[in-house]
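Q: We have chain A already, so just place chain B on it with the hints.
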Amino acid sequence: MHGHSLKNYLKTYRKRSGLSQRELGQLLGYKNQGQVSRHEQSKTSPPLVIALAYEVIFRAPVATLFLGTHDAIRTTIEKRLAVVEKDLQGRSAKGPDAESIARRLEWLMERRGLLLRTGHDSRRDDKHGRDAVGA
Amino acid sequence: MIQDAMINTVETLLALEIRSQRIGFAVFDGPTRLLDWGIGTCLHPTCGLHDVVAKRVRRLLFRYRPFAVVMRRDNHYSSQTTARLLISVGAIRREARRCGVKFRLLRTKARKRFFVRLGYNTKHQVAQLIANLFEELSWTVPPKRKPWNSESYHTVIFDAAATGLAAFAEGANREAVRELITTTEALSPGPKMT
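Line by line, the protein sequences are chains A and B.
Mind the numbering: the first sequence is residues -2 to 132 in the numbering used here, read in order.
Mind the numbering: the second sequence is residues 106 to 299 in the numbering used here, read in order.
Bound-form chain A, shown alone (with noise of 0.2 Å):
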């Protein structure tokens, strides 16, 4: 029952800066308070434009206050990805269209690779910026 993020942290960055549910609901333009209380249980998802005024209150990314809800997406998004690429893998290669493949495929590997790179370099990032903090 552990070892999992929470689909968002929007009560957690809400309540270190003491705000209550009603204000930042005003700060989003909303009545009352019942919308944010339903984002942070995860019960309905902010639109991009809400998601997006989060992210500019607490000055955190959206994929951070909606961590959970970013690795799901993510993984599913990989998964079909993986199902192109094999897809692409099995098609001719002789045909009109191997160029196009080519490129496609190309395109994954690339992105595959970037992937690799920017997860490293973020996990080193985060690495230095806790150090920093910490001195």
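Among the hints, erroneous ones may be present.
Capping the alpha-carbon separation at 27 Å, the derived lysine-lysine pairs in DSS-like fashion look like this [as the list claims (entries may be wrong)]:
hint, chain 1, residue 1, chain 2, residue 2
1, A, K8, A, K28
2, B, K217, B, K249
3, A, K40, A, K4
4, B, K217, B, K251
5, B, K214, B, K249
6, B, K217, B, K228
7, A, K40, A, K8
8, A, K12, B, K160
9, B, K207, A, K4
10, A, K28, A, K4
11, A, K12, B, K249
12, A, K76, A, K40
13, A, K40, A, K83
14, B, K207, B, K217
15, B, K214, A, K4
16, B, K228, B, K214
17, A, K12, B, K214
18, A, K4, A, K76
19, B, K207, B, K160
20, A, K8, B, K207
21, A, K40, A, K28
22, A, K40, B, K160
23, B, K214, A, K8
24, B, K251, B, K228
These aren't lab readings, by the way, just hints derived from the structure by calculation.
A: Here is chain B on its own, set in the frame of chain A:
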């Protein structure tokens, strides 16, 4: 002080503190990060104590899915009767079992010993240390209490947080907790670690 980007639920721990009329809680994401904290009332016009406590704890267990629930075993300093405490503990234990979460009782003496070793002898000093460790709690630090004053409303949160920290320190995170406290001491005036 604590890096916002480091959100990674490694060890989510739910620390509870029970009073006769309310429950204080602190949800830790590892020893260095607080996910949630607050106070809930145990009074209800129609429901019994067991049901109210169970409902409150269930909500936290479902939301944060901690690896363990921890609370103090004995509560000699509270005015609440043993019967009420036993009912509350039973309700929490049952909910934890239902959710497959470890339930752990920490002795008050063990918690006190942990903070005394670090040079924090009084509850007020411990509360100040916790406020320094977790900036988000700094605005609710209870004022220093005279024997004839009532306990501050927010003290229960700090007691829960203290229990959580002591539980982490008793486990595999002893060095992490000590390092955290040493770093905090270097940044703020207060008792020094012995």
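Q: What are the numbers of the hints the structure violates, in ascending order?
A: Of the numbered hints, 13, 15, 17 and 23 do not hold.
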